[in-house]
Amino acid sequence: MRYYFINQEMKEFSLDVEFHQNKTMEFKYEGKKTTLFLKSVAGKNYFSFDGIGWKKLAALGVNEVLVSHSEMYKVYRGFKPSGLNKGAAGALVTQMPGKVVKLMKKEGDTVTKGETVLILEAMKMENEIKAGADGIIKAINVKEGQALDSGFLMVEIEE
Amino acid sequence: MRYYFINQEMKEFSLDVEFHQNKTMEFKYEGKKTTLFLKSVAGKNYFSFDGIGWKKLAALGVNEVLVSHSEMYKVYRGFKPSGLNKGAAGALVTQMPGKVVKLMKKEGDTVTKGETVLILEAMKMENEIKAGADGIIKAINVKEGQALDSGFLMVEIEE
Amino acid sequence: MKGKRVLIINRGEIAIRVAKALNELGLVSVGVWTDNETEPPHLEYCQEWVHLVGNNNKETYLNIPKIMDLIEKYKIDGVHPGYGFLSENREFSEALAKKGITFIGPNPTAVYKMGAKDISKQVAKEAGVPVVPGSTGEVDTIEEAIKIGNEIGFPVLLKAVAGGGGKGMRPCMNEEDVKNNFAAVQREALSGFGYAGLLVEKYILNPHHIEVQILADKKGNVYHVFERECSVQRRHQKIIEEAPSPFIGTDEVLRNSICEAAVKCARAVNYDSAGTVEFIMGEDKKFYFLEMNTRIQVEHPITEEITGVDLVANMIKSAFGEPLDFKSQDDIKILGHAIELRICAEDPISMLPAPGKIVGFETTFPQGIRFDHCIYPKFTITPDFDPMIGKLIAKGFNREVALRKVRNAAEGLIIDGIKTNIALHKVILNEENFIKGNYSTNYIGTIKPQEKVAVKEDIKAFMLKVAAIELNQMGGQV
Amino acid sequence: MKGKRVLIINRGEIAIRVAKALNELGLVSVGVWTDNETEPPHLEYCQEWVHLVGNNNKETYLNIPKIMDLIEKYKIDGVHPGYGFLSENREFSEALAKKGITFIGPNPTAVYKMGAKDISKQVAKEAGVPVVPGSTGEVDTIEEAIKIGNEIGFPVLLKAVAGGGGKGMRPCMNEEDVKNNFAAVQREALSGFGYAGLLVEKYILNPHHIEVQILADKKGNVYHVFERECSVQRRHQKIIEEAPSPFIGTDEVLRNSICEAAVKCARAVNYDSAGTVEFIMGEDKKFYFLEMNTRIQVEHPITEEITGVDLVANMIKSAFGEPLDFKSQDDIKILGHAIELRICAEDPISMLPAPGKIVGFETTFPQGIRFDHCIYPKFTITPDFDPMIGKLIAKGFNREVALRKVRNAAEGLIIDGIKTNIALHKVILNEENFIKGNYSTNYIGTIKPQEKVAVKEDIKAFMLKVAAIELNQMGGQV
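Quick mapping for you: the protein sequence lines, in order, are chains Y, A, V and W. So in my numbering, the last one in the first sequence is 159, and the numbering has no gaps at all. So in my numbering, the last one in the second sequence is 159, and the numbering has no gaps at all. So in my numbering, the last one in the third sequence is 478, and the numbering has no gaps at all. So in my numbering, the last one in the fourth sequence is 478, and the numbering has no gaps at all.
It is worth saying that the hints were derived from the structure and are not from the lab. Glycine included, C-beta positions come from ideal geometry on N, C-alpha and C. Please note: incorrect hints may appear among the correct ones.
[To be verified] Straight-line Cα separation of at most 27 Å, DSSO-like style, residue types lysine-lysine; simulated pairs:
| # | chain 1 | residue 1 | chain 2 | residue 2 |
| --- | --- | --- | --- | --- |
| 1 | W | K73 | Y | K56 |
| 2 | Y | K105 | V | K179 |
| 3 | Y | K39 | W | K66 |
| 4 | Y | K44 | V | K460 |
| 5 | W | K179 | A | K28 |
| 6 | V | K99 | V | K125 |
| 7 | V | K179 | Y | K102 |
| 8 | W | K378 | Y | K55 |
| 9 | A | K74 | W | K460 |
| 10 | Y | K32 | Y | K74 |
| 11 | Y | K55 | W | K436 |
| 12 | Y | K23 | W | K73 |
| 13 | Y | K74 | Y | K105 |
| 14 | A | K113 | Y | K44 |
| 15 | A | K113 | W | K179 |
| 16 | V | K2 | W | K378 |
| 17 | A | K102 | A | K113 |
| 18 | V | K2 | A | K55 |
| 19 | Y | K39 | W | K357 |
| 20 | Y | K55 | W | K73 |
| 21 | W | K460 | A | K56 |
| 22 | Y | K39 | V | K147 |
| 23 | V | K333 | V | K218 |
| 24 | V | K2 | Y | K44 |
| 25 | V | K426 | Y | K56 |
| 26 | W | K426 | A | K74 |
| 27 | W | K58 | W | K75 |
| 28 | V | K285 | V | K357 |
| 29 | V | K285 | V | K333 |
[Stated by the list, open to error] Some, not all, of what chain V presents toward chain W, calculated at C-beta under 8 Å:
| # | residue |
| --- | --- |
| 30 | F397 |
| 31 | N438 |
| 32 | Q477 |
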């Protein structure tokens, strides 16, 4: 089974895994092999890389997202998705769910890099969303007061 | 669905239950009807008898035993077992798992009520098992050092 | 008091904390659930559950008429507001007073006087407690704000009159900043606290945020329960608190004078509940009255841990006219040291909110840890609510021990599926200035621990994720 | 000390408690599992897991050669024995000393002197601490026991030399009792502690069992951490403990003298670890040295709660020659009150062990509760081990608050599938003599709270059982 991990900047990791009946997993990564031992004790799951030292395996694994330090990776089990389009400097994409408080620009306006295009409120905090590049606003896909999910393309700027 | 609860002294309760899709249970007991409300919140189960006050429902229900104050009831779902034989005064049955430390009597011996027949060790504690009636020891079904489960008929006394 | 029915108009960890105290005291804890949080974990500790209809805070936790209806419908005797929401809302406490409902908090006048920052400063001054120079009343226009800024000298701070917990505040280094921020702070004030009024005040450099816990009854007895050091902040919001303050240290004279000043402020408004007097302390150890929070504070647990005083239970007893657990100020003593980490759903580096769904939650703590939280596997953190999802509190025989314990506890707190600031806390707990207890409110801004959060990819993390998903495929157990 | 590898030769809640302390101090906690407990919950807190082969305690937790092999094989630097098993076994601590392995406990000589009750009494006498009259040495025959009984006067107590925790003890009212019990106590001594030697001593009526916690380092510093009242007992085993002792109350002179007596006993054997000096106190408040337990005690948490001293962590630091958390006796103070309930798998009325399989476990506790336990849903309690499965500890600002909290906590502790003594605890916590703090070790025997355990059938309990089973049929959630 091959796993793919891809983050918002399209950074990608892929891992091959084999699950053996003796409760071990064989990983292949960049040619190197790693064995992971698994055990369930008193209703909890534990892992070990040497079969001696054990740690709790917290994740329920129900989600398709891995959070590593402060990066989020989408996880794909057994397949690699096609056509994930990278967020270009001119594409303003929500990094978190939120609500559009105020649009500072309208379609057709000229913007310079770093200029505030709109204000997004998330968790009672106001965040100024700034243009990632000089250009003309090609499309504004949101309106004031609109609630947005993470990864939503709000504004497209033609460079 | 009818449930039967029977304890060691053959005391018996039976309940009729109907599970409704609106997450309520209708109980019938001695002609009286009772409604039980059920809810799952944040991964835990709760019950209510009035739909306002809620308490946690702890039991996983995987066991067939109900412990009520200090009595244990076997639970039978949908059927009533036949031929549960009551432990007579002359039948010495283990009330808990344990190990036979010492037999004080042998088959054929005469015993008087209250006389110690054998010593059973459970949880590092020695318990003197005494005759429940005057009589002659008809059968001893255990030997010293033997480990026993709960409910095991150790000695039979003919009154 | 026993048997009284108390409605908790809050959610999350504080609703749990309040329900625990109500149950323990023999009252009936009534909790609410809303349409944008239909399975709130706090119901676990509430004896009765009530539906507060609505999809956002304005329709629910901030909606006074709707809450008054519930109170009538469910024959409620008292209300605990927790913190935030309506906890310091004068109209609410007055509406309750009119109906003869017990508000578990101070009297409306105290709420009003301390809630309006211009008045509160006046109160403190008259009580003989120094205040930070600034606007004497609300500032309605950018021009006015700039004028005051020039009078008292920049930098200045723009803050919401109704604000608190650092929300609705922005520092301005110059006139330009005032222009850029004024409208935004007004909006944040309105959306966060339902009132847009602003204040301008002097911004002290390298200050310490030190606050004193107050506990008072309805008979005029006002006690302090010592201080808390709350200087580790980001965006003017506390993320680590400790008690006692390492900056005050063993200077019992200073400790006593700041605690006494707090008692003066509380007495000046006939304070009659649990509350907190916040001070700002300069490097010269001079302190100024900042504001009084007329509610139970997020960080109250560290005070409970070092004094053994159950603040929430005593707050409830006070509200119902019951005697407090102690008879004199001398009964209240400090034993040991406590540190609290606020666990927030946010990026540990940018420190920006990062809502999402928790998919794994495990704790492996040493002895002496208290974790006040509302986390459960599959808990979804929505943008509607505060990103703080838990408070990790360690109590130790001394600061060194507390630090050792909280460090080990942070290592043992695993929350999977969302970004949290745990990684940032780990950096801070091992950073020399923090270890020495040598930090001001500029700590985050100047030491920048967030930049030391490990960003190196560890392929093992990916393997564990795979293992978890595979295990899940086979029923969750090997 | 950091990085040292420590083997925990114990199980259950104490193995968890020890592992927590080791992890917190930066040592490597190595836990064991045996063939009659292949999934022990204590492994959750152990960094490494080792298989201790065997099906019963003689083959495993009491098997010195086998343990020495593990120590060699896994490069162990130190051993923590917990309580019971080999915690007070001289041969074991000497075997470790020979190999240069750190025994986390006192030096072998102290273990020997305090472990052999005849010698320990001599030690106490010479230290100027009064002892209970009784046999000066081991009693090998029934005749000898009866002879001593007649000298010091009946009633007398037959106790195992190697015993402790009330195990291997029986009171004898007359010669007949001695005849009937002598062999049994010998057998219990042998199976429970691996040594059959017995003692005979005077049996004091309406006595209080009060013990003093000792903490000492390897440099000759011996401190006391105040007393514990342990008089609520059944079959000479404690079921409820509290600190400080309500019988000593505010009599600081008495408190100081019993604590000082304990320190004298400890100094007399150059004690250098955590330990407990047990006293028996008559109604006249005269106290006699009973024995010294040269190990961490089951009830150590209540002392930790009221003093803030982490006894287990300090015991480990002491063993590795590290300085303790405090520098003088005056650093150790009492703040508040703590009560511990021993939760046992036993019939609440007959108080006899009732092993079985736990099928439901839920807790709903107030603030200030500590629950040291090894319980998990589906945990099977076997007859091989002690019936104690948990310790419910409440800490409060004063005894009244602690009592309120522990009462509420007992209501919120649900263990389904086995009999437990929770129902008995609930009766005691509401019984007037206990509430007044007015009880001796005869409390259970004379007040008989077990007879007040509700035996009325509540049909609702049956309905809930049905609900649980039905829910389970449909996947556990509605």
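Hint check results:
| no. | hint | result |
| --- | --- | --- |
| 1 | K73(W) with K56(Y) | holds (25 Å) |
| 2 | K105(Y) with K179(V) | holds (19 Å) |
| 3 | K39(Y) with K66(W) | holds (25 Å) |
| 4 | K44(Y) with K460(V) | holds (20 Å) |
| 5 | K179(W) with K28(A) | violated (57 Å) |
| 6 | K99(V) with K125(V) | violated (34 Å) |
| 7 | K179(V) with K102(Y) | holds (17 Å) |
| 8 | K378(W) with K55(Y) | holds (21 Å) |
| 9 | K74(A) with K460(W) | holds (16 Å) |
| 10 | K32(Y) with K74(Y) | holds (23 Å) |
| 11 | K55(Y) with K436(W) | violated (47 Å) |
| 12 | K23(Y) with K73(W) | holds (24 Å) |
| 13 | K74(Y) with K105(Y) | violated (32 Å) |
| 14 | K113(A) with K44(Y) | violated (50 Å) |
| 15 | K113(A) with K179(W) | holds (21 Å) |
| 16 | K2(V) with K378(W) | violated (37 Å) |
| 17 | K102(A) with K113(A) | holds (19 Å) |
| 18 | K2(V) with K55(A) | holds (19 Å) |
| 19 | K39(Y) with K357(W) | holds (22 Å) |
| 20 | K55(Y) with K73(W) | holds (22 Å) |
| 21 | K460(W) with K56(A) | holds (14 Å) |
| 22 | K39(Y) with K147(V) | violated (68 Å) |
| 23 | K333(V) with K218(V) | holds (22 Å) |
| 24 | K2(V) with K44(Y) | violated (41 Å) |
| 25 | K426(V) with K56(Y) | holds (19 Å) |
| 26 | K426(W) with K74(A) | holds (25 Å) |
| 27 | K58(W) with K75(W) | holds (23 Å) |
| 28 | K285(V) with K357(V) | violated (44 Å) |
| 29 | K285(V) with K333(V) | holds (23 Å) |
| 30 | F397 | holds (5 Å) |
| 31 | N438 | violated (22 Å) |
| 32 | Q477 | violated (11 Å) |
Hint check: violations occur at hints 5, 6, 11, 13, 14, 16, 22, 24, 28, 31, 32; the rest are consistent with the structure.
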